[in-house]
Each structure stands twice: as C-alpha cells, then as structure tokens.
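Visitor: For reference, the chains in residue letters:
Protein chains: 2
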Amino acid sequence: MNTELWYTEKQTKNHGITTKVNKSIYHDQSAFQTLDVMETAEFGNLLVLDGMVMTTDRDEFVYHEMITHIAMNTHPNPKSVLVVGGGDGGAIREILRYPSVEKAVLAEIDGKVIEASQKYFPKIASGLSDPRVDIQVADGIRHIQENKGKYDVILVDSTEPVGPAVGLFQKPFYEGIFEALKEDGIMVAQTESPWFNQELISQVFQDISNTFSIARLYTASIPTYPSGLWSFTIGSKKYDPLHVDESKLIKHDTKYYHPDMHKALFQLPQFVQDLLIKKGE
Amino acid sequence: MNTELWYTEKQTKNHGITTKVNKSIYHDQSAFQTLDVMETAEFGNLLVLDGMVMTTDRDEFVYHEMITHIAMNTHPNPKSVLVVGGGDGGAIREILRYPSVEKAVLAEIDGKVIEASQKYFPKIASGLSDPRVDIQVADGIRHIQENKGKYDVILVDSTEPVGPAVGLFQKPFYEGIFEALKEDGIMVAQTESPWFNQELISQVFQDISNTFSIARLYTASIPTYPSGLWSFTIGSKKYDPLHVDESKLIKHDTKYYHPDMHKALFQLPQFVQDLLIKKGE
Chain H
1 MNTELWYTEK QTKNHGITTK VNKSIYHDQS AFQTLDVMET AEFGNLLVLD
51 GMVMTTDRDE FVYHEMITHI AMNTHPNPKS VLVVGGGDGG AIREILRYPS
101 VEKAVLAEID GKVIEASQKY FPKIASGLSD PRVDIQVADG IRHIQENKGK
151 YDVILVDSTE PVGPAVGLFQ KPFYEGIFEA LKEDGIMVAQ TESPWFNQEL
201 ISQVFQDISN TFSIARLYTA SIPTYPSGLW SFTIGSKKYD PLHVDESKLI
251 KHDTKYYHPD MHKALFQLPQ FVQDLLIKKG E
Chain L
1 MNTELWYTEK QTKNHGITTK VNKSIYHDQS AFQTLDVMET AEFGNLLVLD
51 GMVMTTDRDE FVYHEMITHI AMNTHPNPKS VLVVGGGDGG AIREILRYPS
101 VEKAVLAEID GKVIEASQKY FPKIASGLSD PRVDIQVADG IRHIQENKGK
151 YDVILVDSTE PVGPAVGLFQ KPFYEGIFEA LKEDGIMVAQ TESPWFNQEL
201 ISQVFQDISN TFSIARLYTA SIPTYPSGLW SFTIGSKKYD PLHVDESKLI
251 KHDTKYYHPD MHKALFQLPQ FVQDLLIKKG E
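Sequence order for the protein chains is H and L. Residues in the first sequence are numbered from 1 upward in steps of one, following my numbering. Residues in the second sequence are numbered from 1 upward in steps of one, following my numbering.
These aren't lab readings, by the way, just hints derived from the structure by calculation. Owing to the predicted nature of the structure, the values given are computational and were not obtained by experimental measurement. One should not assume that every hint holds.
Chain copies aren't distinguished; within one or between two, either way the pair holds.
[As the list claims (entries may be wrong)] Taking lysine to any residue and the SDA-like style, the derived pairs with C-alpha atoms no more than 25 angstroms apart in a straight line are: (1) 251 <-> 276; (2) 237 <-> 175; (3) 123 <-> 264; (4) 20 <-> 9; (5) 10 <-> 166; (6) 103 <-> 239; (7) 79 <-> 129; (8) 237 <-> 114; (9) 278 <-> 39; (10) 255 <-> 202; (11) 251 <-> 133; (12) 13 <-> 51; (13) 248 <-> 260; (14) 251 <-> 274; (15) 251 <-> 270; (16) 119 <-> 24; (17) 103 <-> 129.
Using the sequences and the accompanying hints, generate a full structural model.
Guide: Set out below in structure tokens:
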C-alpha cells in the first residue's frame, strides 16, 4: 500500500478542505511568508502561501478572469493598469487580452511568489514576459502613494487579511487607490467569502462606498477557496458596471466570464445583498 | 486536551471537506441507506446519508429555496405539486409559501429520513404537518407512473446518483415526469456539481432537452456540497423561466432567491454553459 499524502486547510477554525497530494515540489520561506507548491490529484499544481490556497491549475481561471474582466470591460479605454499583489501573474495575463492596454504594472511585495509562479505555473505567469508589463517587487501601499492620478484600472489581488496584506483591506488604502486613479478610474479588490467573512465584506463595502461614488459587489464560484464562493468589490469614479452598453463589451476566449453575464453578476443572493446595507439604514 | 472529532467526506476520490463535530447525535440504518445526524461547530446540525452531506442547519436555505422558487415562480398558478425524495421537508416548506398551492405531495422512499428530519431539523421539516401536505413513503418512480397528468410542478430532490437514486437521473424517469405533469407543467431536478459531475450534467440536460420543449440550467452556492457550486435543471412544457413577466413574480421573505435574480440565474459561467451544448453541434 502506498503512502497517501493529503493537504488539509482549516479555512475557518472549524471547517476546511482536504485534497490528495501526489508530491510536494517546492517549499520556501521568504521575508513575508511561507511558500509551498504541491502537485495534487484533483486540481493540478497548488500554490499555498502561509498555509492558505492561493491558486490551482484547474480553477485559477475563475479568480483571474473574475478579478479582471468586470472592471476592464466596464472602463471604455483602459490604457494604464496596476495590479497590487497578484505575483502569480494570472491577473496580468487577463489584462493583456485588452488591446487598449499600453502598460500593466505589477506591484508584488514578495519576489519569491513571482519566481515560484514562473517556474511551477507557467500558464498562469505567461503574461509576465510581455513587453507591456512592468514588474515591481515593491510594497503596493507605497506604490499607490507615489503614483497619483496615473491609472485607469487598479486590481487589488491580495492574500488574506492577515500578515502582509492587512493594510490592503483598510480605508486609507482605498483612499490611496482613489488618488492613484485617473478622474474616471475604477478599482476592484478581492474581498473574501460571503459565507465566512461577512463582517469584512460589510466593512470594506462601506469603506469603498464612502470613497467612490459607485460601489458594487459580485461573486464567483472557486472550489478551492473557503466556502467555494468568493466576492469582489468594485469602486468606480464614473463608469457603473451595472449600466454599461452591453453591445460595446469585448468578448474574449474565456472560460468563466462572458459579456452576457456582466450585468447579471450584480443580482446577488439575498443574504449577500444584505451585507451591503449601510449601518443605520 | 479534549478529544476532537472531525467529519471528513471524500466528495471525489481525491478531494473533500472536513468539519468539526461537537457530537454525533443519531445513527441508523434503513432498508435503503445509512443515516447520521451530527452537531457541527460551523454548520449546526448536519444530515449525512450513505456518507454524503445532505443538508445542514446553516446552509439548507440555499438548496431548498433554489430547488423550489424558480419553477414555482415561473408557473403562473401552481396548485398541485410533487416532491420526489426531499424527505427532510425543506422543499415542501418553500412550496407552501405559494398561496395557490392546494396540495403538496411528498414521495420519499425512506421513512427514516422524514422521521430524522422532524426530530433533528424541526425548522426544515416545519411544513410537513401542514394540512395541504400528503406524505407518501413510496418509490418516486412508481408514484410518477401511477399519477399521469396530475401535477403543475414536480421537484426531483434526490440523493446522489448512486444507490436508491440511480433511476432518478435517467431518461425514462424524465419521460415519466413529463406524463405526470399537466399540459403546462414544469419540473426541476437537482443535478450535482458543474465542477465534479460534468458528464452527468451534460447527459441529463440532453435527456431533458429531448423530453421537454424548454430546458434550462442554473446554479447556486452551497458550501457543504462538493465544489460549493450546485446545479439544477428545469424541463418545462410551456413556461420559459427566462421569459417570465418579472412584475408578476412573487417576492417572499427568502435568504437566497429573490425575483430580481430570476432571469440573471441563467447567465452561467462559460464552462458551465459549454456543458449544455448538444453533442454533434
């Protein structure tokens, strides 16, 4: 009988997933976090940071398409785009599908994430060698502060709100993003699970609502993330994703997002919609 | 240090969930399956049949609302409704919200499921004592064969396609449902995970498309089910859920479904939509 290895992640104190591992293929410790890559039987290669699933070969397309296309397709002409975090390169790959893009900046604090993705997730990292991409191994918060009025679209592709990413879920950061965007800019942030992170979602939505004139939330199905349901929150200065001209949306060869779902995404389950009601209303 | 008990379910051969159990509160074996009820730390009481999660206190509302309201709100005047399976009573509870309903028949093959739900899930089973409900501990396939032209809406609230429920995922069963429905009847069946049961979804959709003039599929987020995403397939003789008059949809005090999402539900992720393309097209 063979030895069986299973990766088990407690996604909350009392609940988690467990998935069979064929072999562990990378383990490292950076200045910021622990990195692991394993080959799993169900999801292909799996990237784990500080004991939490970041992405897998099989379901990565959902997260990367869904953090990218709603904002990119809502902005009529995104030329200058920033990804905060996102060292695996998946969001960059999706951004580069838009012919209007002239420059895509990646501000990832941990260079080891970029290296691990290029080596073990070449399909996810494929866009990082594109000449339009500017990779900066840097603190995203500082980058935001130093680049005012520069970006059309900013994506906050962060890890969970513990350790190095705590500041990426706080109001001053969203205010900084507002400043770093052009006068018609739009941002989107990954904002955790509507089942397991309800207080965080409510707080972030309120903070983004108080910073931007337009705030919207949508979700996507990601089986290796806690609860299998993930949320993304948009802050926009001018363009409302719910009121785009659908005939002008760009259709790419994608596996999750398509223009026909663009407006439908905002019809949330009632319990998720209820998280977005401002306190006191 | 206390003893920790965790329930782990292999949802596929190589992947599963694990959830902390406060205590096991019921275990039984019926003529059809093994039944377990446990009190969990994350999801409240958990019903397990043959080693697979059927429902939990915390997320049951999703499955029960979503197997019920789309069909019930598409049919303009559902009076006579059948649930095949569904012994926990959750679908019946949702059906009874519609004032047009005169009779709701439950055809559940395993009386022990009904008893366990009434004892350990009183909120889910609450509708079973309603005078409009006719509980039949009976084989759903036989009930369908013996009741032709009788129902406005039929819900197939089955267990997984192994053991007693295999026949509930086959074309002769859908043909039987067609016969058991009135001339403007509509059915919906739970049809597993778009991530882990793709062949089954394609086959069932093709079978229902070949039996009914209208076939539609939609999904919902259920964290304790495999992949966290679940599908439901509609077969309808006359009323298309995608073309309802939204002003006539009934709004209930529900936690997941609401009329504004009724049409949006059919804008599926591309990889799910691709499962519905007929072979040869």
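Visitor: Could you figure out if residue 237 and residue 175 sit no more than 25 angstroms apart (CA to CA) within one copy, between two copies, both or neither?
Guide: This pair counts as within: shortest intra-copy Cα distance 12 angstroms, inter-copy 53 angstroms.
Visitor: Can you tell me if residue 278 and residue 39 fall within 25 angstroms by alpha carbon in one copy, between copies, both or neither?
Guide: neither (43 angstroms within a copy, 34 angstroms between copies)
Visitor: Please work out whether the CA atoms of residue 251 and residue 274 approach to 25 angstroms or closer within one copy, between two copies, in both situations, or in neither?
Guide: For residue 251 and residue 274, only the inter-copy Cα distance (15 angstroms) is at most 25 angstroms; the intra-copy one is 31 angstroms.
Visitor: Under a CA distance limit of 25 angstroms, which applies to residue 251 and residue 276: within one copy, between copies, both, or neither?
Guide: For residue 251 and residue 276, only the inter-copy Cα distance (20 angstroms) is at most 25 angstroms; the intra-copy one is 29 angstroms.
Visitor: When no copy is named, should residue 237 and residue 114 be tagged within, between, both, or neither for a Cα gap of at most 25 angstroms?
Guide: neither (31 angstroms within a copy, 54 angstroms between copies)
Visitor: My question is about residue 123 and residue 264: at a cut-off of 25 angstroms on alpha-carbon distance, are they close within one copy, between copies, both, or neither?
Guide: neither (29 angstroms within a copy, 31 angstroms between copies)
Visitor: Is it within a copy, between copies, both, or neither that the alpha carbon of residue 248 lies no farther than 25 angstroms from that of residue 260?
Guide: both (11 angstroms within a copy, 24 angstroms between copies)
Visitor: How would you label the pair residue 103, residue 129 (within, between, both, or neither) given a Cα cut-off of 25 angstroms?
Guide: within (13 angstroms within a copy, 64 angstroms between copies)
Visitor: My question is about residue 79 and residue 129: at a cut-off of 25 angstroms on alpha-carbon distance, are they close within one copy, between copies, both, or neither?
Guide: Classified as within: same-chain Cα gap 18 angstroms, cross-chain 62 angstroms, threshold 25 angstroms.
Visitor: For the identical chains here, do residue 10 and residue 166 meet the 25 angstroms Cα criterion within one copy, between copies, both, or neither?
Guide: within (19 angstroms within a copy, 33 angstroms between copies)
Visitor: Using 25 angstroms as the alpha carbon limit, work out where residue 103 and residue 239 are close: within a copy, between copies, both or neither.
Guide: within (21 angstroms within a copy, 49 angstroms between copies)
Visitor: Regarding residue 251 and residue 133, is the shortest C-alpha distance of 25 angstroms or less found within a copy, between copies, in both, or in neither?
Guide: within (22 angstroms within a copy, 49 angstroms between copies)
The structure does not agree with the numbered hints 3, 8 and 9 stated previously, though it agrees with the rest.
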